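Colleague: Next come the chains, spelled out residue by residue.
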Amino acid sequence: MMTNELQYLSILPELILTIFGMLIMVLDPLMADRASRKPMGWLAFVGTLAALGATFYQGTHPVAGTAFFGMVRTDAFSIFFHVVVIVIAALAILSSLDYLETQGIRSGEYYGLILLGTVGMGLLSSAMELVMLFIALEISSISTYILAGYRRRVAASAESSIKYFLLGSFATAFFLYGVALIYGATGSTNITAISQALHNNHISSLTYLALVLMFVGMGFKVAVTPFHVWTPDVYEGAPAPVVALMSTGPKAAAFALMLRVLFGSFGELSQWWLPLIWISAALSMTIGNVGALLQNNVKRMLAYSSIAHAGYLLVAFAAGQDMGIAAAIFYTATYAAMNVGAFAVVSHFASRGERYVSIDDYAGLGRRSPVLAITLTIFMLSLIGIPLTGGFFAKFYVFSAALKSNLVWLTIIGLVNSAIAAYYYLRLIVVMYMKEGDDSVTLVPVPVATAAALLIAAGLTIYLGVMPGGVLGYALLGAQDLMR
Amino acid sequence: MADNQLAPYLPILMQLLIAAGIGTGMIVLSAILGQRKYSRMKMQAYECGMTPTGDAQHRFSVKFYLVAMLFILFDVEAIFLIPWAVVYRDLLKIPGAGLFGFWEMMVYIGIVLVGFFYVWKKGVLDWNTPELSEGPNE
Amino acid sequence: MDQNLHLWLIPLLPLLGALINGALGRRFSRQAVATVALASTAAAFGMALMVAASFSGLAHVPYVESHGPWIQITGFTVNFTFLLDQLSLVMLLVVTGVGFLIHIYSVGYMADDDGYYRFFAYLNLFMFFMLMLVLANNYLLMFVGWEGVGLASYLLIGFYFLKDSASQAGKKAFIVNRIGDFAFLLGMFMMTKYFGTLDYTSIFSQVLSNPAQFPVETGGAGLLTLIAFCLMIGATGKSAQIPLYVWLPDAMEGPTPVSALIHAATMVTAGIYMVARSNVIFNHAPMALTTVAVIGALTAIFAASIGIVQTDIKRVLAYSTISQLGYMFMACGVAAYSAAIFHLMTHAFFKALLFLSAGSVIHALGGEQDMRHMGGLRKYIPWTFGVMAVGTIAIAGIPPFAGFFSKDEILWKAFSSSSNGWIFWAIGLVTALMTSFYMFRLLFMTFFGERREAANAHDAHASAHGGHSDHGHGTPHESPWVMLTPLVLLAILSTVGGWVGIPHSMGGNNHFEKFLEPVFVHEGGQETEIEGTATWTNKLPPTKETTGEPAEAAHANTSTELLLTGISVAAGLIGLALAWFLYVSRPELPARIAHNLGNLYTTVLNKYYVDEIYQEAVVDPIVEGSTDILWRGVDVGIVDGAVNGAGTSAQAAFGTLRKMQSGNIRSYAGWVALGAALVVGYMVWMGIQ
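Residue numbers (this note's numbering), protein chains in the order written: chain A, -12 to 471; chain B, 7 to 144; chain C, 614 to 1302.
Be aware that a few hints might be false.
Computed list of lysine-lysine pairs in DSBU-like fashion (alpha-carbon distance at most 30 Å, straight line) [to be verified]:
no., chain 1, residue 1, chain 2, residue 2
1, B, 69, B, 127
2, B, 69, B, 128
3, B, 99, A, 25
4, C, 1220, A, 422
5, B, 48, A, 25
6, A, 25, B, 69
If you want the ones that stay clear, here's a sample from chain A, every Cβ over 10 Å from chain C, calculated [stated by the list, open to error]:
no., residue
7, -6
8, 37
9, 40
10, 139
11, 163
12, 257
13, 262
14, 387
15, 398
16, 399
17, 405
18, 456
No lab work stands behind these hints: they were computed from the structure. Values in this document were obtained by computation on a predicted structure and should not be read as measured data. Note that beta-carbon positions come from the ideal geometry of N, C-alpha and C, so glycine has one too.
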């Protein structure tokens, strides 16, 4: 048992995020109604930086281990995901600063909600208790439900929020039910205790039911087939920077949860749940990519693309072993970098009232704003999986891990899919560079904060493609910590 | 599911069935056996009281809901104090803990107060703020 | 490591040029842009020459230059490593040399184009990726270059992006190549799995040193056959072979220097290079090797037959390129890798020459590409005519020009490869005849006879080609010297380029093959094993005289070889005569023949309808199928119903749409519930088992 001070260190990033979140909640009502909320945004950004610092502190100092009666565990796995979700939050905040001004939304709570949601996402990767995990899941989900409806005057946004909320609650109910049943079956809600119980004792049929129900809940959160139906509608209606956040942050965290639960608790049954993952991965990739082929709305297209990418990630799950898990961890990071970046471009380009979200609106962007076009091109190329971008390596690892585990057909399905996927990402590039622009689409110069977000995201995407060694090495450490 | 894992739940199932049976049974039986005498008075919406006017699906002000929700929120949060109060003396006895248990609860109350402060300053408790119905953030 | 060659500088220099021009080119003058682009390419070429000069002095060949690890995970490492051996040296010189000449040419050709800096930035970017591809020491690094050249070519094909056909062509090239890449990737994954590495040297030495584990798979398809097949499909994509060749003719939408550099001289040969590089794997997979030969032979004759009837000057050259690549593929398929690389080199010379000359013709005519509207240009542009004639003679295989030696080498190797080799030889011969015919047809239609100017064609084409519109009508004019100089140099190369590989039967010494021998002939019992077990792989090349004494068999074969050479030269001359007869002596005949052939002619003219078949059989089912299922079934209701319905739009539609919308959440929940039911069903099913 650690001393109390050290125990707090293990949730230091969460503490910092909470304090900043509350600070914003206190300060915001004190501001004049008509005042710009940008200072709140910067405050939140500072909060994410501090939390990032705290996470690095955790990584470099000996705080690793469990704390709070085994409720949370700090290890390479949790640190990796903390960095991912906090960076996502920081980038989402940066790209929101001017977006909110453009949309005429004056609200500091927006930033507070991002920070508090990040607390939940962070906890999802470090909590070792199913109940704790459930609470973390709810914290991250509820803040996202609210954020999705932030364009209050727009019906689509409200619809997005309501849909996400109702269906999300429906799915978390499944998860909670699964938690209850696993408690009934093994007498514990602790990840490791469950694993031990399954290893030592007779495995009852309740366990299977619990696993299946939890799978439904988690499958919904990561948006894999057949629990993906909500994604396009919700992404289409929600404010673009919020989509940047929720298509990556809660998703990455939910993947962390899924890794934790499937490999941490139910590793014993991996042969049993493997076919489930297999089918779900194949379906997600196919439905996501084929669906994206037909979209004219960029946000909707990226929504389908995110379903497909969740499918690729599940391929890594199916591969299992250290290498598969490392590939999955690495994929979440890469996907986060490129997708946040893509949505940051969309947020800026959408303009007031998100008028310009159709693919045709991007015509001529290559000449009208080369910088915006080039960054978006980088993200698209990475999403396709062209070498020298992170997307290529992420896919490369996933599929080589899959083949190593003899998942030949899944690999082939995945590769065929990534060949199909080139088509719709390329379409956007073609439109940007090879179509005449329409001057009625107004284009505002890129503000500093957005530019910074784009630069960081593009830099990370390229970095992960050129020098993936370090990050991948840490992902492998995380995978080993998870399996321990 | 070959094993008898679910056997202990059998009484619950039986109780469920009996409850459902009695409920539906009563309705069905009264529908079949009961006598029906219709009169003018009986066919009115209410046998006593006012004659209804207007639409029953009346729109309530959103403030009703806000206040109701806030009530539930603070109510539930306050309930957390009770288990803490029950074990408080034992918390003090943990060696080395000192007033740890006390400060923990103060932090909790602090967070609840931040929420309260927020709600207050946002004017949710003020029944007559006109902007609330319009939304302060446009 | 004996000597540091700084190989990394060679690809980096063009990248630097690309970055400078890409970032700042817009503010540069045209001279400055051209200087940056030329200087970086020239420096790369200079480096390559220096490397070549010091090559014989290297203590260790292959020379390996490591720049640290790239990816390191347990049991799998990929390094940033460059490899220089005889094969990559040849490729290096071809790429930088021809690339440099084409850069010079482009300065003149693109002089009036709006996207001047953009063009050179892309071109330099292409050089960077191509050099990465050639110098890589492992498949992953090669793949980086492989995808990179595809990307650069996509950008360059779509360069005239205002033309819809150009951007469509760019997209088509990219997507068709993705199919090939997919197979290449699959092959790489298999190599990762079974060899634990992607390094050429260590994979090949693993294969060569464990004959027990990796036997020559004559009996049936094994692991190596599978890998070889994957690599082969990858190569068919990049090198435009059946069935993935469809993108190359369309790629002619790009500027002509691009066609010369990317779609004739360098990028499309990447597939050949890859197969030659993987010769160890292919030698162990006779079945794949045979397939390579068959694909190559079929592509060669198929594309040549289409080339006969095309009327667009660049399209004739495009089909000719496909056909010549087929030759190289066939050569690889009979394990005559050095012959393939030899032809790759000479082809780079004469095909770049032909494309650039064609560009010069197009330039002279202000954008006209249809040969039916040319004719009699000999008088106006004598220099272009001269160099183009050299190129045509070279590709037709008439001695002593470069194409003669390399083509003859391939034909002979095909013939002597096995008892059935005469089939390949015969196909190659017919192709040679066709090649000679359509190339001279091109020459005669363009430069001989009367000038046939189309009334309106100029304007249409000129506007399509942007900058050339100011040349207008009037007499065709010779291109400036900045364009002619590279042409003359390439013409010289096309003439003498083949002399490095004069075969023994003609009293030469075949230096080229000997030079490449260390890459393609492996020590140990390997050859005997191949010879003993495989039917398709080569009996040892007749010129393999490492001991200095010619083998007995070689003597006996000399007369056969000379006879075959005579036949193929005759084929070239017949093609020439036929073209002369039909297009100079009796120019009215072709139309009548075409008329009499009727359907056959139409079929060939329409390229055997392959594009249409692909559209019907592959593209439409995917697009329409997904449209029907997803768009109509699921999505329309959601997009149009939900969003519009919730909005304040049309009141009339509101009733029905609201119904859709209110149904939606429920139907979504239904989906989730259905999914849950499915997994629970799975659980029960698994439980029962």
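Colleague: Which hints from the list above does the structure break, by number from lowest to highest?
Modeller: 3, 5, 13, 14, 15, 16, 17, 18
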